[in-house]
Amino acid sequence: MTNAPLPASSAFATPQAAFWGGVREALGVPMLVMGASFLGFGSMIRDVDWSVWHALYSTLSTWALPGQIAMAEMAYSGAPLISIILAVGFINARLLPLVASLLPHVRRDNVSLWKYYAISMLIAATSWVGTMQRLASLSQDQRLHYLTGYGLLLYTGSPLFTVAGYLIAGQVPQPVTLALVFLNPLYFMLLFLFDLHQPQKVLSLLFGAILGPALFLIAPNWSLVFTGLIGGTAAWWLGRNGWVRQKVSKELKKGRDDG
Amino acid sequence: MVEQSLYAPVLVITLAALATYASRALGTFLSGKISVESPVIDWITCVTYALLAGLVVRMIALPIGALAETPDWWRFAAAGAGLLVFVLSKRNIGISVLAGALVLVALGTLQI
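Here the protein sequences come in this chain order: A and B.
The first sequence begins at 4 in our numbering and counts up one residue at a time.
The second sequence begins at 37 in our numbering and counts up one residue at a time.
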C-alpha cells in the first residue's frame, strides 16, 4: 500500500513475459492464503457428507469461497433452495464492484468483449487485491496478460487444494479434521478486523454478528438472508446519514473559503 | 440428525455458481459505466459484511457437522487464541489462523 512508484524493472519485456510474471507473483503468499482456505472448504464438504466431485464442481464453477461455504452450511442445515441462492447471491455481490473497478484498467479497443466476460471469472478478492495496484505500473498491452496469468494460477490451484482438503480430512486424526474445518471461520473473523476503519463496515459487522445468532433462533432457514438485509441496510443507512452530514459541512467550509 | 438432501447437491451448486457469476457478468457489463463509489455499491458491501459476520459467528457458536459435537469453549478458546496472536503479532493473519487451529488440535487431542 505504498505510494512510491515501482521500479522500472517491474514492467515486462513482452505481453507473454507479463503473463508468466503474473503467474510468478501469484505463487507464494497469495496462493498459500487461497490454498489454505480451499483446503478448509474441501474438509468441510467431506464433513457435510457430499462427494469429492461436489467439492471440485463447486470450486471450479463458483470460485468465490465465502459463498461456497454459506451454500454448504445452509444446505446441510436444510435451508430452502431460494434462501441459499439469495444468501450466496448477496455474499458474492461484492464481486460486482471488484470486477467493475478492475476491468477498466485492462480494457483495450482491439480486444473482443467476450474475453472480458471470461476473465471476470478469474477475479475474486485475492486476485483483485494482488493485481489492482500492480496493473498501473504496466503498459497497456501487458495488463490483460498479467491479470490472466495471476488469476489463472490461483484458479487452477484452488481445485487441487479443495481435493487435498477433502482427502486429508478422512485420513488424519479427528482433531486435525476439526481444525481444518475451523480454518475458514477463523480466517474470515480475523480478516474482518483488518477492515475496521470505515464506520459503515464496522456497523455492518456488528449488526451481523448480533443478528446472525439472534435471528437463527427465530427463523433458522432465513436467518442469514435477513441478517444481511436488515443489518446491512441499517448500517448503510446510518453511515450514509453520517456521510451526508460530512458532505454538508464540507460544502459549508468550501462556501466560507470561497467567500 | 438433520434431514439432508432435500435437493440434489449438484442443483444447489449449479444455482449458487450462476448466482455468483451473475455478479461478475454485471460487473463486466457495468465496468467503466459506473462509479464504484456509489451508494448502491456501498449498500451491497454492507449487506455482504453483515451476512458474512452473521455466518462466521454462527459457524463458531452454533456449528454444524463434526464441530457441533465439540464443547463450545473449545471453539471459543481457539477463536480467542487466534485473536490474541493477531493482536500480539501486529495483525499477522497467517500465524494467527495457525495458532487458533493448533489450539483446537490440542484441545481435541487432550479431550479436556
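Read the hints as simulated data drawn from the structure, not as lab findings.
Treat the numbers as computed from the prediction; the structure is a model and nothing was measured.
Hints may be right or wrong, so weigh each one.
Calculated from the model, a selection of chain A residues having no Cβ within reach of chain B, i.e. all distances over 12 Å [what the hints assert, rightly or not]: (1) Arg49; (2) Asp52; (3) Pro107; (4) Ser123; (5) Gln136; (6) Ala139; (7) Gly160; (8) Ala167; (9) Leu186; (10) Asp198; (11) Trp240.
Ranges of calculated distance between the beta carbons of each label pair, as one might list FRET restraints [what the hints assert, rightly or not]: (12) B:Phe112 <-> A:Lys118: 40 to 50 Å; (13) A:Gln136 <-> B:Ala104: 24 to 34 Å; (14) A:Arg110 <-> B:Val123: 23 to 33 Å; (15) B:Leu146 <-> A:Asp144: 54 to 64 Å; (16) B:Glu105 <-> A:Ala20: 51 to 61 Å; (17) B:Val76 <-> A:Gly173: 11 to 21 Å.
We put the beta carbon where it would ideally sit given N, CA and C, even for glycine.
How the hints compare with the structure:
1. Arg49: With a cut-off of 12 Å, arginine 49 of chain A comes too close to chain B, as the shortest Cβ separation is near 9 Å.
2. Asp52: Given a closest Cβ separation of 7 Å, the condition is violated.
3. Pro107: violated, 5 Å
4. Ser123: Its Cβ does come within 12 Å of chain B, the nearest being 4 Å, so this is violated.
5. Gln136: At roughly 15 Å from the nearest Cβ of chain B, glutamine 136 of chain A sits farther out than 12 Å, so the non-interface label holds.
6. Ala139: holds, 16 Å
7. Gly160: Glycine 160 of chain A clear of chain B: closest Cβ-Cβ about 17 Å, beyond 12 Å.
8. Ala167: It holds; alanine 167 of chain A is separated from chain B by about 16 Å at its closest Cβ, greater than 12 Å.
9. Leu186: violated, 6 Å
10. Asp198: violated, 8 Å
11. Trp240: violated, 9 Å
12. B:Phe112 <-> A:Lys118: 40 to 50 Å: holds, 48 Å
13. A:Gln136 <-> B:Ala104: 24 to 34 Å: violated, 41 Å
14. A:Arg110 <-> B:Val123: 23 to 33 Å: violated, 42 Å
15. B:Leu146 <-> A:Asp144: 54 to 64 Å: Distance hint for leucine 146 of chain B, aspartate 144 of chain A holds at roughly 59 Å.
16. B:Glu105 <-> A:Ala20: 51 to 61 Å: Taking Cβ atoms as reference, glutamate 105 of chain B and alanine 20 of chain A lie about 52 Å apart, which means the hint holds.
17. B:Val76 <-> A:Gly173: 11 to 21 Å: Violated, since valine 76 of chain B and glycine 173 of chain A (Cβ atoms, about 44 Å apart) do not stay within the stated range.
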